Structure formats: structure tokens, C-alpha cells
Amino acid sequence: MLKDDDFEIDHEFFHFRKDQYALWKIKDARVKQLSLLDNLLYIFFWIWIFSGGVWLAYSQFQNQAVLLLALVLTGLGAFSIFKRAKYSLQLEINHADTTGVQWVNVKKTNSEAERLVLEKQVMVIKGLKG
Numbered sequence: 003m004l005k006d007d008d009f010e011i012d013h014e015f016f017h018f019r020k021d022q023y024a025l026w027k028i029k030d031a032r033v034k035q036l037s038l039l040d041n042l043l044y045i046f047f048w049i050w051i052f053s054g055g056v057w058l059a060y061s062q063f064q065n066q067a068v069l070l071l072a073l074v075l076t077g078l079g080a081f082s083i084f085k086r087a088k089y090s091l092q093l094e095i096n097h098a099d100t101t102g103v104q105w106v107n108v109k110k111t112n113s114e115a116e117r118l119v120l121e122k123q124v125m126v127i128k129g130l131k132g
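Going by my numbering, the first residue of the sequence shown is number 3, and it counts up by one from there.
Just so you know, these hints were derived from the structure itself, not from any lab. Be careful, since some hints might not be right.
Taking lysine to aspartate or glutamate pairs in the DMTMM-like style, the calculated list, with each CA pair at most 25 Å apart, reads [said to hold, decoys possible]:
no., residue 1, residue 2
1, Lys131, Glu10
2, Lys34, Asp7
3, Lys27, Glu10
4, Lys88, Glu114
5, Lys34, Glu121
6, Lys88, Asp40
7, Lys27, Asp99
8, Lys88, Asp12
9, Lys128, Asp7
10, Lys34, Glu94
11, Lys122, Glu94
12, Lys88, Asp6
13, Lys20, Asp6
14, Lys128, Glu94
15, Lys109, Asp99
16, Lys88, Asp30
17, Lys122, Asp40
18, Lys20, Asp8
19, Lys128, Asp12
20, Lys5, Asp21
21, Lys131, Glu94
22, Lys109, Asp7
23, Lys131, Asp99
24, Lys109, Asp8
25, Lys128, Glu114
26, Lys5, Glu114
27, Lys109, Asp6
28, Lys29, Glu94
29, Lys5, Asp99
30, Lys109, Asp12
31, Lys131, Asp7
32, Lys27, Glu114
33, Lys20, Glu94
34, Lys88, Glu14
35, Lys88, Asp99
36, Lys29, Glu14
37, Lys88, Asp8
Source: prediction; values computed, not measured.
Work out the full structure: start from the sequences and follow the hints.
Below, the structure is given as C-alpha cells:
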């Protein structure tokens, strides 16, 4: 369960557990409600991870047991659709290199109670920036 204690702000950094983000790089913060479309990349990534290597092995060995394993692992990857998140704490980070500005996911959650904790952190960050 996510708690306020998981977050800390000192004079230089915004900390979330073991991660830290330089305050001077943070331009904005938000809690985004994620749709299925927002989660599709995550879903396809896990399907690829679970099945990709096995499909390559099948193409080399042409074994029925490997084909069965590939189908099972592809099915397991498809279950990642149930793991999708509803909310995400995102920071707009201005990188010092040529990457430029981008939104970075700090924490994803499904819980309404955790969403409220994330909203509180957004208010704190915006208070420091504003």
C-alpha cells in the first residue's frame, strides 16, 4: 500500500522510495487517468517477452512441445491486460541532454486511495514550483 512516507522532498530532490528526481528539472506534475490505449504498449511488451523467445526456438527446432509452450506463454502474456493501471503519477522532466522535455511515470496504481496520495504529491510539487 502506497503511503505518504514513500515520498520525500528535500532542498534538491523529489524522492519516491529509492528513485530521486532533481527538483530543478521538474517542470510540472500530474496524476493521469490511464485508458486501455495508454496501457497497450505495456500489454504488448509482456506478450512479446513471454512468447518471443519461445517462438524463435520453435522456428529452429520444429518441436510440438515447444509449440505448446509458446502458446501457453503467449496466453500468459495476454493476461497482462488485467494488470493494467488506472492512474499514474507523472512528472514533466526537462532533461539536460538532447532528450528535451518528457513525461516520466513515477508510480502507477489501480487504487482510489493511492490516487489520493498521488494527488497530494502533485499539490506539494506544484506548491514548490509555483
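Hints versus structure:
| no. | hint | result |
| --- | --- | --- |
| 1 | Lys131 / Glu10 | holds, 15 Å |
| 2 | Lys34 / Asp7 | holds, 21 Å |
| 3 | Lys27 / Glu10 | holds, 16 Å |
| 4 | Lys88 / Glu114 | holds, 9 Å |
| 5 | Lys34 / Glu121 | holds, 10 Å |
| 6 | Lys88 / Asp40 | holds, 9 Å |
| 7 | Lys27 / Asp99 | holds, 11 Å |
| 8 | Lys88 / Asp12 | violated, 29 Å |
| 9 | Lys128 / Asp7 | holds, 19 Å |
| 10 | Lys34 / Glu94 | holds, 12 Å |
| 11 | Lys122 / Glu94 | holds, 17 Å |
| 12 | Lys88 / Asp6 | holds, 19 Å |
| 13 | Lys20 / Asp6 | holds, 14 Å |
| 14 | Lys128 / Glu94 | holds, 12 Å |
| 15 | Lys109 / Asp99 | holds, 24 Å |
| 16 | Lys88 / Asp30 | holds, 20 Å |
| 17 | Lys122 / Asp40 | holds, 23 Å |
| 18 | Lys20 / Asp8 | holds, 9 Å |
| 19 | Lys128 / Asp12 | holds, 15 Å |
| 20 | Lys5 / Asp21 | holds, 15 Å |
| 21 | Lys131 / Glu94 | holds, 12 Å |
| 22 | Lys109 / Asp7 | holds, 14 Å |
| 23 | Lys131 / Asp99 | holds, 22 Å |
| 24 | Lys109 / Asp8 | holds, 11 Å |
| 25 | Lys128 / Glu114 | holds, 21 Å |
| 26 | Lys5 / Glu114 | holds, 13 Å |
| 27 | Lys109 / Asp6 | holds, 13 Å |
| 28 | Lys29 / Glu94 | holds, 5 Å |
| 29 | Lys5 / Asp99 | violated, 33 Å |
| 30 | Lys109 / Asp12 | holds, 19 Å |
| 31 | Lys131 / Asp7 | holds, 21 Å |
| 32 | Lys27 / Glu114 | violated, 28 Å |
| 33 | Lys20 / Glu94 | holds, 19 Å |
| 34 | Lys88 / Glu14 | violated, 30 Å |
| 35 | Lys88 / Asp99 | violated, 31 Å |
| 36 | Lys29 / Glu14 | holds, 14 Å |
| 37 | Lys88 / Asp8 | holds, 20 Å |
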